[in-house]
Amino acid sequence: MLMFPERQTTYGWLVATDIFLAGVGGGVFLISVVLELLGKYETIAKTGTLLGPVLVLLGTFFLIAELGRKTRFYKLFTNLSSPSSWLSRGTWILIAFVILGLAYSLPSFQLFSWLPWSKTSALGQGIGIAAGLFSVLVIIYPGFLFGVVKGIPFWNTPILPFVFLFSSLSTGVAAIMLVALLSGMNLEITAVHHLGAAGIVLILILLLALGVYLYITSHQGFAAMESLRLLKTPLFISGALIVGLVVPLAVLIYAVFVGDMLTISILTGVGSLCLLAGGLLLRYAIIRAGVYLSLR
Amino acid sequence: MARYGMVIDLQRCIGCHACTVACKVEHYTGPGIFWCRVSDDEVGTYPLVSRHFLPKLCMHCQNPPCVEVCPTGASYQREDGIVLIDYDKCVGCGYCIVACPYGARYNSREMKGYFGAELTPQEEIGYNQHQLGVSEKCTFCVHRVEMGEEPACVRVCPTNARIFGDLEDSNSEVSQLIRSKHGFQLLPELGTEPAVYYLPE
Numbered sequence: 001m002l003m004f005p006e007r008q009t010t011y012g013w014l015v016a017t018d019i020f021l022a023g024v025g026g027g028v029f030l031i032s033v034v035l036e037l038l039g040k041y042e043t044i045a046k047t048g049t050l051l052g053p054v055l056v057l058l059g060t061f062f063l064i065a066e067l068g069r070k071t072r073f074y075k076l077f078t079n080l081s082s083p084s085s086w087l088s089r090g091t092w093i094l095i096a097f098v099i100l101g102l103a104y105s106l107p108s109f110q111l112f113s114w115l116p117w118s119k120t121s122a123l124g125q126g127i128g129i130a131a132g133l134f135s136v137l138v139i140i141y142p143g144f145l146f147g148v149v150k151g152i153p154f155w156n157t158p159i160l161p162f163v164f165l166f167s168s169l170s171t172g173v174a175a176i177m178l179v180a181l182l183s184g185m186n187l188e189i190t191a192v193h194h195l196g197a198a199g200i201v202l203i204l205i206l207l208l209a210l211g212v213y214l215y216i217t218s219h220q221g222f223a224a225m226e227s228l229r230l231l232k233t234p235l236f237i238s239g240a241l242i243v244g245l246v247v248p249l250a251v252l253i254y255a256v257f258v259g260d261m262l263t264i265s266i267l268t269g270v271g272s273l274c275l276l277a278g279g280l281l282l283r284y285a286i287i288r289a290g291v292y293l294s295l296r
Numbered sequence: 001m002a003r004y005g006m007v008i009d010l011q012r013c014i015g016c017h018a019c020t021v022a023c024k025v026e027h028y029t030g031p032g033i034f035w036c037r038v039s040d041d042e043v044g045t046y047p048l049v050s051r052h053f054l055p056k057l058c059m060h061c062q063n064p065p066c067v068e069v070c071p072t073g074a075s076y077q078r079e080d081g082i083v084l085i086d087y088d089k090c091v092g093c094g095y096c097i098v099a100c101p102y103g104a105r106y107n108s109r110e111m112k113g114y115f116g117a118e119l120t121p122q123e124e125i126g127y128n129q130h131q132l133g134v135s136e137k138c139t140f141c142v143h144r145v146e147m148g149e150e151p152a153c154v155r156v157c158p159t160n161a162r163i164f165g166d167l168e169d170s171n172s173e174v175s176q177l178i179r180s181k182h183g184f185q186l187l188p189e190l191g192t193e194p195a196v197y198y199l200p201e
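Going down the list, the sequences are from chains A and B.
Numbered according to my numbering, the first sequence spans residues 1 to 296.
Numbered according to my numbering, the second sequence spans residues 1 to 201.
One or more hints might be untrue.
Okay, derived cross-link-like pairs now, BS3-like style, lysine-lysine, Cα gap no bigger than 27 Å in a straight line [stated by the list, open to error]:
1. A/46 <-> A/150
2. B/89 <-> A/70
3. A/150 <-> B/89
4. A/70 <-> B/112
The set of hints was computed from the structure by calculation and includes no laboratory data.
Please work from the sequences and hints to get the whole structure.
Here is the structure:
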């Protein structure tokens, strides 16, 4: 090797925030739809099905903010001749999800009760299932967006969509718990227990996926090793890993197995905030650690 | 149909950066934007140190990752293999910049002059061929090639390290050099099939 590998500097906070919000939104929605299918915690789930598309929509504004020519943003989804681009595909996925998600969610609110379908009607159920499927795509497409970049071995790996999947689901759980707490909804202790337990499992799976991801990366040559070196920052280790995953894990374990109602409320609130912050930092760290293969 | 390509003889390159400057003169690229550049790397530790120059530009790949990831169809490939950007279609998303393994693409987020805050009259005219906020890169000097001339970097190279020609014509100088002097491409394992070949040092 004659040349030191270069780091990508094009993508940063804006893209990280975009895919973070898409992940949280998709996660919140998917979990809420599942809760509704199970017939559990319907008030929380009702808010969740609305919050999901709203967060994803918010994320798209960060995507537009990233553009060099913001007024041309519509070209991202109006060009049908480039379906090979994961940015085109992603934009179509985001639009389809926001439309379907809102179409599923809105009829359950008074203001939109005039809509000719409801969540329980056959059409509404169909929309809900379609939206649920699209929420999965919303969550994992960033994995492909980065994954197709062959020049950056740290990104060019099939495990990235799984990292985004479990991170999104865990941040989705965090967002649902936070909304339930903030809106003063009557968050039953069993709901905290169930959501908290789901959060614990998801964090553990995510930690495992991250471990596999970093282990694989360490065997992918010099550029990948340079990516790992760039990950050794307080942002990733203290931020994304410790504050973002280990602290919420400990907090949720305590809340689920030990705490009383008041401490549980405070603890799940703190844990959820940590999880959300960790989700954003994790994405930013992965983006910033993108290092190109050495040309020679 | 021709497939245009370039051969860069690393044994001849002396790292004078004449190509870098000729490209800037030809295309009026702004500060910090290099459609053509020469990297200068020191390898090893004293006393076993060597210095290596690597002229870099758009590789005009046969399978260009930038075209594949472009969401708007702004990046495209001509039949002669030259990869270009339609500035009017580009939204400046930066995906092609990220996807290019050769670091050939830039985004002109601002049009700064080289001599202070105000643009010189020459810059004002020259910058007209650019657009703000879009991706840009080497065009293989398509405007010169279409007039039967060589790209500016080839024309200016004082050691004749750069040779331009048709890769499909097996009798062309580029094809012969690649065959006889073991021309190689950068990152061939990615399957991009660059049209720029290098002759070993």
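task: For the pair we were handed, residue 46 of chain A and residue 150 of chain A, check the Cα-Cα distance against 27 Å.
output: violated (41 Å)
- prompt: Would the pair residue 89 of chain B and residue 70 of chain A pass a check requiring their Cα atoms to be no farther apart than 27 Å?
  reply: Judged against 27 Å, a Cα distance of about 12 Å means the pair holds.
- prompt: Is the straight-line distance between the alpha-carbon of residue 150 of chain A and that of residue 89 of chain B 27 Å or less?
  reply: Roughly 25 Å separates the two Cα atoms, so the pair holds.
query: Are the Cα atoms of residue 70 of chain A and residue 112 of chain B separated by 27 Å or less?
result: holds (20 Å)
Consistency note: the structure conflicts with earlier hint 1 alone.
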